[in-house]
Amino acid sequence: MTTSNRSSWLSRQRLLAGATASAAAAAGCVSRFQQAVSGDSRTQLTLDILTLPAELDPFGVRIANYLRANLEAVGIDTTLTLVNARNLRDRVLLQHDFDIYVGQLPYARTPDPDALYPLFRSTFDTEVGWQNPFGFTHLGCDELLDRQRTAVGETRKHAVDNLQRLLARTQPASPLVAPDLLTGVRTDSFEADSWDRNAPTRPHNLLKLSSTDDEPGTLGLAVVDDDINTNRNPISARYRPEESLVDLLYDSLAIHDGDGYIPWAAREYDWGDSGDRPEVTVRLRDGLRWHDGRTLSAYDVAFSYELLRDTSLGSAVRPIPSERFRGRVSLLQDIQVENARTLRLSFAETPRTVAERALTVPIVPAHIWRSRAQIVRSTRRPGQTTAALQTANPTAVGSGPIQFEDADDDVVEFSLFDDHFLWRSLSPTPDDEQEAAIDDKDPNETTTGTDHNTSTATPDKAVDSTEQTEQFGAPPEGYGEPPFEQLVVETVGSDNAAIELLTAGEVDATVARLRPSVTDPIESDDDLELIEYRSNAFYHLGFNSRRQPLRNPNIRRLIARLVDKPTLVDEYFDGHGVPVASLLAETEWITDTLRWPDSTDIDPEVPFLGTDGQLDVERARERFRTIGYEYTDTNELITQIS
Amino acid sequence: MVGRNRLAELAAEFKPRLRETTPYIAVLVVVLVLNSSVRGISQDISWAINLNITHSIAALEGEFVAVVQSFETELLTEYFSVVYIYGYVFLLVFPLLAYVALSDRTTLKRLIVAYSLNYFIGLALYIIFIAYGPRNYDPVVFQNLLYDTHGQYEFLTGEVNSRTNVFPSLHTSLSATVALFAYKTREEYPYWLAVATVLAVSIIISTMYLGIHWATDVVFGLLLAGVCVYLAERYIGSD
Chain A
1 MTTSNRSSWL SRQRLLAGAT ASAAAAAGCV SRFQQAVSGD SRTQLTLDIL TLPAELDPFG
61 VRIANYLRAN LEAVGIDTTL TLVNARNLRD RVLLQHDFDI YVGQLPYART PDPDALYPLF
121 RSTFDTEVGW QNPFGFTHLG CDELLDRQRT AVGETRKHAV DNLQRLLART QPASPLVAPD
181 LLTGVRTDSF EADSWDRNAP TRPHNLLKLS STDDEPGTLG LAVVDDDINT NRNPISARYR
241 PEESLVDLLY DSLAIHDGDG YIPWAAREYD WGDSGDRPEV TVRLRDGLRW HDGRTLSAYD
301 VAFSYELLRD TSLGSAVRPI PSERFRGRVS LLQDIQVENA RTLRLSFAET PRTVAERALT
361 VPIVPAHIWR SRAQIVRSTR RPGQTTAALQ TANPTAVGSG PIQFEDADDD VVEFSLFDDH
421 FLWRSLSPTP DDEQEAAIDD KDPNETTTGT DHNTSTATPD KAVDSTEQTE QFGAPPEGYG
481 EPPFEQLVVE TVGSDNAAIE LLTAGEVDAT VARLRPSVTD PIESDDDLEL IEYRSNAFYH
541 LGFNSRRQPL RNPNIRRLIA RLVDKPTLVD EYFDGHGVPV ASLLAETEWI TDTLRWPDST
601 DIDPEVPFLG TDGQLDVERA RERFRTIGYE YTDTNELITQ IS
Chain B
1 MVGRNRLAEL AAEFKPRLRE TTPYIAVLVV VLVLNSSVRG ISQDISWAIN LNITHSIAAL
61 EGEFVAVVQS FETELLTEYF SVVYIYGYVF LLVFPLLAYV ALSDRTTLKR LIVAYSLNYF
121 IGLALYIIFI AYGPRNYDPV VFQNLLYDTH GQYEFLTGEV NSRTNVFPSL HTSLSATVAL
181 FAYKTREEYP YWLAVATVLA VSIIISTMYL GIHWATDVVF GLLLAGVCVY LAERYIGSD
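Chain order of the listed sequences is A and B.
Taking this note's numbering, the leading residue of the first sequence gets 1, the next gets one more, and so forth.
Taking this note's numbering, the leading residue of the second sequence gets 1, the next gets one more, and so forth.
No lab work stands behind these hints: they were computed from the structure.
It is possible that part of the hints are untrue.
[Unchecked claim] Part of the chain A face toward chain B, derived, beta carbon under 7 Å:
1) Ala-69
2) Ala-73
3) Leu-80
4) Thr-81
5) Asn-87
6) Ser-194
7) Ala-497
8) Glu-500
[As the list claims (entries may be wrong)] Chain B is nowhere near these chain A residues, computed Cβ spacing over 10 Å in every case:
9) Glu-55
10) His-138
11) Ser-211
12) Asp-409
13) Glu-481
14) Ser-517
15) Asn-554
16) Glu-622
Glycine residues also receive a C-beta, built at the ideal position from the N, C-alpha and C atoms.
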């Protein structure tokens, strides 16, 4: 990081350090000055590590400090910068202003290999959000990403194998640990069995809770520093790896239920037979409504896909895509709205399982979001952006099972949406019957992208009620009974505080990264239970390949080799996790050569340069020399400025 | 400590004394309200300025706080926790009452002004600088003794918003301010000087022992106390 295109913030950091009399940083300035005078153009390599403070993520900062110590040991001047979740998002996902970050992958669940597509495809380099934040550009990688998208069966498996190996070899991101997350839940207010063992606080799993008494009460959650208090935008970038409760404010056509996809707002969908290019006809449930009482129609669905593709809805010269779900909707080629309840989606060449992922994006109301297509300028985001990405979406009108009620700095309140299809179909009202009637109407067929002014159709004929009840479609299995009347989210500052609220009976579950060392109060209380589950949100190092020296894969590999993954698991996760060598570890797609070898405990691709967590400094320095770097007399790692 | 005669005097003159100091109390109240009301915004401004000095502080002082924490015992942790939370409140409130009882209002006015200055300058520095405390920077080296032992204290200290506000330590500056005033009023309240000194020193050590502040925060807290007391002396004349 010594070249002149190094961003200015570190030098500002240095100036500041001087001003605050930081002796260490000041010494660095002096030696630079001397080098300038003596005509030596070589300076020490500097790197910055970006991560969350301990209270927000107790594990990331431990990894970051371990890495910092080892980087310093090999002669790299390393700083550690702590930022909050919003700023981590700004720096890493929006502005690409970082060297290395330590964080978690945005895998809320077991990923399909296509999840790698937006993360590493070179064409996403200029986009924001979880779209290639690494600035990784590798044509061979692009080819494999494309191939796994289009191929099926063994050919796809082969492409995915090669893709994993290429990503392991080039290390644009270095996967470290698959964590076992701990959550505390109360079993006196909600049935112990109704908490999902695999992901107790995943938003849709909360809908399967059953109350210990017959009255559905209030579900309280303690979250650590979630920005749901201030931002409820479902399409703008977030750092948080977990699914947010915002996902319960908006419905999608289908949801992934852990085992597979199930129709959600769609009553059913049928895959047509059109060769390699999947086509799906989606029939919406009858009587879907927005939280503001207006009718949700197929036009809203088509509008949502159009908005995700280009949030400016065609008014910008170049599309300004949403910051989430880009990979999923990039395969979508055409949408035909057949009538107010039916639409047909056509995809590019891809397996059906990949195309199906596009059905899980949130559906937003056209009557609210259409006006947000306006182009605005932002200090956070580079270039042009739109109001749709900038808005904090405070009222969050969706069609999901919960609706927003109120928020302040500490508490956000939601209530159950009475008209939601999950429980509305249990007792249809006269209103439903009318709504259902529009189903068979066939308004002028409309294609999205060309006509944004289509309005929702209005019901105009009364229909026999018994016939219509059948048309609602049964709620997906396991869902249906209202699990609670209210959902209250309490924002706290750390896992300690979350546990405190749980033991005091103020909340029913924690949504936090609980350190194993502080969970005793949960285990010693009969009304509480500690649930442990493996997360796919791997802790990893993210390298910014736009910057020197990280553009060089040899450097990235060597930095990855400064970290002993089993030591991280043992010492920082107290054994609650496993080391990983592939970005698809913990999935059925893991390639054999990148499985973690339990016998040796040594990474198959980037083996640790040391033993038992102790770095072999001399050996590591020798490695840096062999890839063309030099050391000064004082063991500072230097490179020649070109 | 205050004395029976003074209490009798206080009873008679309470209202006029209070009236005279009302403007000063009003200023303090305004500063306190300002302090709590701009919290949300001040965080945004802080991140916009983005002078994140955490690493510089850590690089400057190394593991000093860890050395303080190496004396950890259960009893000490209890003591320092109680002193940090409750002793601090007592230390700040007691002199306000005690100085009301003095016939000369100058000290009371000066103390209130010094408090106001501490909060005001402290808030300004919090806005300008982003700094996380030792427990947030490196939880392997520095322990989080206060909240790991007493999760409930987090709600008492309202620390959610103040995670980045550790430079300088206001616990240090306000405690030192009270101690300096206690020294100036040692003739009127000789015992208070002893009590205030012990409490102030304990609180200052507790900020580091509990892993909340860096030694650097403490040093700048002491400087801030000196500046505030000096300004209060200089600009609030005696009656």
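Status of the hints after comparison with the structure:
no.	hint	result
1	Ala-69	10 Å, violated
2	Ala-73	15 Å, violated
3	Leu-80	5 Å, holds
4	Thr-81	6 Å, holds
5	Asn-87	6 Å, holds
6	Ser-194	27 Å, violated
7	Ala-497	4 Å, holds
8	Glu-500	4 Å, holds
9	Glu-55	6 Å, violated
10	His-138	32 Å, holds
11	Ser-211	27 Å, holds
12	Asp-409	7 Å, violated
13	Glu-481	34 Å, holds
14	Ser-517	8 Å, violated
15	Asn-554	27 Å, holds
16	Glu-622	27 Å, holds
Checked against the numbered hints above, the structure breaks hints 1, 2, 6, 9, 12, 14 and satisfies the rest.
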